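Spelled out, the chains give:
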Amino acid sequence: MKFKFSAFDILLYLILCAITISAVYPFVYMIAVSLSGTVPVLKGEVFLWPKQFNLNTYTAVFDNPAIGRAYFNTILYTVLGTAISLLITAAGAYSLSKREMLFRKTFMVMVVITLFFSGGMIPTFLVVRSYDLLDTIWAMVLPGAISTWNLIVMRTFFSAMPQEVEESGKIDGLTDIGIFFRLVLPLSKAILATIGLFYGVSIWNNFFSALLYLRDADLFPLQVIVRNMVLQGAGGANGASNVGGDSLIVDESLKYATIIVTTVPILLVYPFLQKHFAKGALIGSVKG
Amino acid sequence: MGLFRLRWHRSKHLLLLFLPALVYYILFKYVPMFGILISFKDYNPFQGVWQSEWVGLKHYALFFNSPDSFKLIKNTILLGVYKLIFSFPAPVILALLLNEVRVGMVKKLAQTISYLPHFISNVVVVSMMFLFLSPTGGIVNQVIEWLGYASVNFMQDENYFRSLYIISEIWQHVGWDTIIYLAALSAIDPQLYEASTVDGANRWHQLLHVTLPGIAPAIVTLLILNVGHVLDIGFEKVLLMQNPSIYSTADVLSTYVFRTGIQAMNYSYGTAIDLFTSVINLMFIFTANWISRRTSGTSLW
Chain H
1 MKFKFSAFDI LLYLILCAIT ISAVYPFVYM IAVSLSGTVP VLKGEVFLWP KQFNLNTYTA
61 VFDNPAIGRA YFNTILYTVL GTAISLLITA AGAYSLSKRE MLFRKTFMVM VVITLFFSGG
121 MIPTFLVVRS YDLLDTIWAM VLPGAISTWN LIVMRTFFSA MPQEVEESGK IDGLTDIGIF
181 FRLVLPLSKA ILATIGLFYG VSIWNNFFSA LLYLRDADLF PLQVIVRNMV LQGAGGANGA
241 SNVGGDSLIV DESLKYATII VTTVPILLVY PFLQKHFAKG ALIGSVKG
Chain G
1001 MGLFRLRWHR SKHLLLLFLP ALVYYILFKY VPMFGILISF KDYNPFQGVW QSEWVGLKHY
1061 ALFFNSPDSF KLIKNTILLG VYKLIFSFPA PVILALLLNE VRVGMVKKLA QTISYLPHFI
1121 SNVVVVSMMF LFLSPTGGIV NQVIEWLGYA SVNFMQDENY FRSLYIISEI WQHVGWDTII
1181 YLAALSAIDP QLYEASTVDG ANRWHQLLHV TLPGIAPAIV TLLILNVGHV LDIGFEKVLL
1241 MQNPSIYSTA DVLSTYVFRT GIQAMNYSYG TAIDLFTSVI NLMFIFTANW ISRRTSGTSL
1301 W
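Taken in sequence, the protein lines are chains H and G.
If you're matching positions, the first sequence starts at 1 in our numbering and goes up one per residue.
If you're matching positions, the second sequence starts at 1001 in our numbering and goes up one per residue.
Think of the hints as simulated: they come from the structure by calculation, not from any bench.
Values in this document were obtained by computation on a predicted structure and should not be read as measured data.
From the three backbone atoms N, C-alpha and C, an ideal C-beta is built for every residue, glycine too.
One or more hints might be untrue.
Example chain H residues on the side facing chain G (calculated, C-beta under 7 Å, incomplete) [unchecked claim]: (1) Val24; (2) Pro26; (3) Leu55; (4) Arg99; (5) Met101; (6) Gly119; (7) Thr124; (8) Asp176; (9) Ile259; (10) Ile260.
Sequences are here, hints too, so could you generate the full structure?
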């Protein structure tokens, strides 16, 4: 097939080009600056690719014990939190998709109400405190364990699953729990990957819970460290500073390197899961 | 009773599967809802929610009589309304643009790339804003100076706060938010396009008479949801962007609740403001839904 390119098409492609560049360029720029030498950065000569390539900033970032600690914490929260969230969301969604369950309607209403009304920041904080969760790993994992949207998306997915799956399980003498773990979950890898990614990213990026529930610096996740370094200017005035030994590092480059180190896991996972999650996000949009 | 017992027997394993979720909703969603009571009390941590003394609407009166209340409500509503005006239509427009792309690979690539910022944390986005917009060495000011103008201290100037918030909001979410519209677009019957071509319609006519009516229900549904959250300004991002020198535009209800309620430990006072916000949101969503049902027949429930 051949298309005739009109003026409109040219404009269209120019606009889309501008949008995609605006989405990607900030990262290209930050990577370029963080990998460049001091002089070109201070002179403002780096725009697209690194000049006087070196890894000094990254060595400095990884030499910082606070960042190592925070990296470990973030990974721990993300892995633990995603596992818990995914398990109770999937189990809850599966049971809500079964018509024969007692109180199904009541539970569904109870779940949906939370989409429109919540206790708010302070009552939630007080409740979390009264459960003695402040300054524990659980404060990062439990209060947001279920996202109601994700639960509804999964329920819609399970509702569309063929009846035969359940029937074959019943014939084999499995209980509903057995059916769920042995038959349903293995058939739901795509949706589990999608929702798992949503949960993982939101825990990785979570700053709010840490701000609210954590005082102990040993428990801080990466987002808090980045905030403290970049936004509260732990680095002091903008310029070059000596970070251990005699390698001179521009403060700005160090901040970019910290940002890149924080974001890289997401940038790496993203392209692989991209086609799954677009599909997964759609399942929930079917009204049901 | 026999029927009940039969259903109980048949669904007890399902109920067991639902149990963790039920416990979660009770402990972390419903117990806090009862905590709202403290907004009508003088909460004393040693006495707890139930034992603390009732004070009626004292905290509400305190808030509405405080000099900050008008500014806070105005800032919150303005930010919410600007968001509705500027960042709500953005993904609709982008989806319509993507829909006009006829080379499948280009469309796919543009989609994939534009989703990316949605996955970047608010902390990183705001950090990027501070660094890029820095008056000393930030890339934006480098360009401004290169063009011969004086550099601007964007993040410390209250006049730029709203624009920066909205622009960054669009940058973060415009791509991702197209997903739902693209789904609605792909559900439009291709025969409608063929029929309109036969009738002599050009691309503009098709856009107005086939495409837009086709995705109108999706637009209306999302509009209702967005109207219902007009006061729910993303707390994280505003808090990260603001500093006392720009409070005149950047201080909103949720950040004020955090500062006075949590940090200064005026729990009852903060909860009162929070509840006020929730109630206004509920009113908005019911009104929007009612209007939409009356005019277009689209309703959330």
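Now for the hints, and whether the structure bears them out:
1. Below 7 Å, beta-carbon pairs count as interface contacts, and valine 24 of chain H has one with chain G at about 6 Å; its hint therefore holds.
2. Checking proline 26 of chain H against chain G: minimum C-beta separation of about 6 Å stays under 7 Å; hint holds.
3. A distance limit of 7 Å between C-beta atoms decides the matter here; for leucine 55 of chain H the minimum to chain G is near 20 Å, and the interface restraint is violated.
4. For arginine 99 of chain H, the interface hint is violated, the least distance from its beta-carbon to any beta-carbon of chain G being 10 Å, above 7 Å.
5. Hint status for methionine 101 of chain H: holds, given a least beta-carbon distance of 4 Å to chain G, under 7 Å.
6. Among the interface hints, the one on glycine 119 of chain H holds; its C-beta lies about 3 Å from the nearest C-beta in chain G, closer than the 7 Å criterion.
7. Checking threonine 124 of chain H against chain G by beta carbon gives a least distance of about 4 Å; that is within 7 Å, so the hint holds.
8. Proximity of aspartate 176 of chain H to chain G holds as hinted, the smallest CB-CB distance being about 4 Å (cut-off 7 Å).
9. Hint on isoleucine 259 of chain H holds. Least Cβ distance to chain G is approximately 5 Å, under the 7 Å limit.
10. Hint status for isoleucine 260 of chain H relative to chain G: violated, with the closest Cβ pair at about 9 Å, above 7 Å.
Consistency note: the structure conflicts with the earlier hints numbered 3, 4, 10.
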